[in-house]
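Visitor: Going by my numbering, the letters in the sequence shown line up with residues 3 to 191, in that order.
A few of these clues could be false.
Mimicking EDC-like on lysine to aspartate or glutamate, the simulated pairs with C-alpha atoms at most 16 Å apart in a straight line are [what the hints assert, rightly or not]:
(1) K81 - D100
(2) K96 - D106
(3) K34 - D69
(4) K43 - E173
(5) K96 - E109
(6) K43 - E9
(7) K35 - E173
(8) K84 - E109
(9) K43 - D115
(10) K81 - E109
(11) K34 - D162
(12) K136 - D88
(13) K136 - E109
(14) K43 - E7
(15) K136 - D100
(16) K136 - D115
Just so you know, the hints here were simulated from the structure itself, not pulled from any lab data.
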Amino acid sequence: MRLIEQERTALFIDGANLYAATRSLGFDIDYKKLLDLFGSKTNLLRAYYYSALLETEEYSPLKPLTDWLAYNGYSLVTKPAKEFMDALGRKRIKGNMDIELAIDMLELAPFLDHAILFSGDSDFRRLVEAVQRKGVRVTVVSSIRTNPPMIADELRRQADQFIELDDIAPEFSRRPAEARARTERGGEE
Numbered sequence: 003m004r005l006i007e008q009e010r011t012a013l014f015i016d017g018a019n020l021y022a023a024t025r026s027l028g029f030d031i032d033y034k035k036l037l038d039l040f041g042s043k044t045n046l047l048r049a050y051y052y053s054a055l056l057e058t059e060e061y062s063p064l065k066p067l068t069d070w071l072a073y074n075g076y077s078l079v080t081k082p083a084k085e086f087m088d089a090l091g092r093k094r095i096k097g098n099m100d101i102e103l104a105i106d107m108l109e110l111a112p113f114l115d116h117a118i119l120f121s122g123d124s125d126f127r128r129l130v131e132a133v134q135r136k137g138v139r140v141t142v143v144s145s146i147r148t149n150p151p152m153i154a155d156e157l158r159r160q161a162d163q164f165i166e167l168d169d170i171a172p173e174f175s176r177r178p179a180e181a182r183a184r185t186e187r188g189g190e191e
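Given these sequences and hints, build the entire structure.
Guide: Put into structure tokens, the structure is as follows:
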């Protein structure tokens, strides 16, 4: 991982995409360790986390995470997810945060040397290209080790640097089995 300490850096985390990748790879993220990792290796200006939230539910499993992130150094960007019925009558949820992420990255680009995007979504290829034209180095963090790969080939090619999520996971992750084992032994999680 090529990080430069004095580079003005921002993280842009596509929450749904990162969650899907970590689930597929079999680990949970310790978001404090993630922030500490990039904060210690760069001049981290911002860490954005993007997530659509269902407001119709009394309790959302995302609520504890988003609350913690908002109070612990992350700039949380959310919007209500929309529920709808598909053509077969199945309930579906739509909550795309691509536009919000793209606007924030483009607005912050004049103040950055390095943007780190946690997503493999091919929709971000043009965004990465536009930010690069403004002189910002762009690193994409995702995975080719999932089945199917979480990183779109065109996004991986566009990035200045691709980081395999599974390679850096030991620096900021908890494996679910390890966390359960510590809890069963009476250790802290």
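Visitor: Indicate, hint by hint, whether the structure satisfies it.
Guide: For each hint, the structure was consulted:
Taking the CA atoms of K81 and D100, the gap is near 11 Å; set against the 16 Å cutoff, the hint holds. Taken as a hint, the K96 and D106 pair is broken in the structure, with Cα atoms around 21 Å apart against an allowance of 16 Å. A distance of roughly 13 Å separates the Cα atoms of K34 and D69; the hinted pair therefore holds under the 16 Å criterion. In summary, the hint linking K43 to E173 is supported, as the alpha carbons are separated by about 12 Å, within the 16 Å threshold.
Distance hint between K96 and E109 is unfulfilled; the C-alpha atoms sit about 25 Å from each other, more than 16 Å. Distance hint between K43 and E9 is fulfilled; the C-alpha atoms sit about 9 Å from each other, no more than 16 Å. Of the supplied pair hints, the one linking K35 and E173 holds, its CA atoms being roughly 7 Å apart against a limit of 16 Å. Between K84 and E109 the alpha-carbon distance is near 26 Å, which puts this suggested pair outside the 16 Å criterion.
Taking the CA atoms of K43 and D115, the gap is about 14 Å. The hint holds against a cut of 16 Å. Restraint check for K81 and E109: not satisfied, since their Cα atoms lie roughly 19 Å apart, outside the 16 Å limit. The suggested pairing of K34 with D162 is violated, with an alpha-carbon distance near 26 Å, which exceeds 16 Å. Taking the CA atoms of K136 and D88, the gap is near 40 Å; set against the 16 Å cutoff, the hint is violated.
Taking the CA atoms of K136 and E109, the gap is near 11 Å; set against the 16 Å cutoff, the hint holds. A hinted pair counts as satisfied when its Cα atoms are at most 16 Å apart, and K43 with E7 qualifies at roughly 5 Å. Restraint check for K136 and D100: the C-alpha separation of about 20 Å exceeds 16 Å, so the hint is violated. Between K136 and D115, the direct Cα distance comes to roughly 10 Å. Compliance with the 16 Å bound is thereby established for this hinted pair.
In terms of the numbered hints stated before, the structure departs from hints 2, 5, 8, 10, 11, 12 and 15, listed from lowest to highest.
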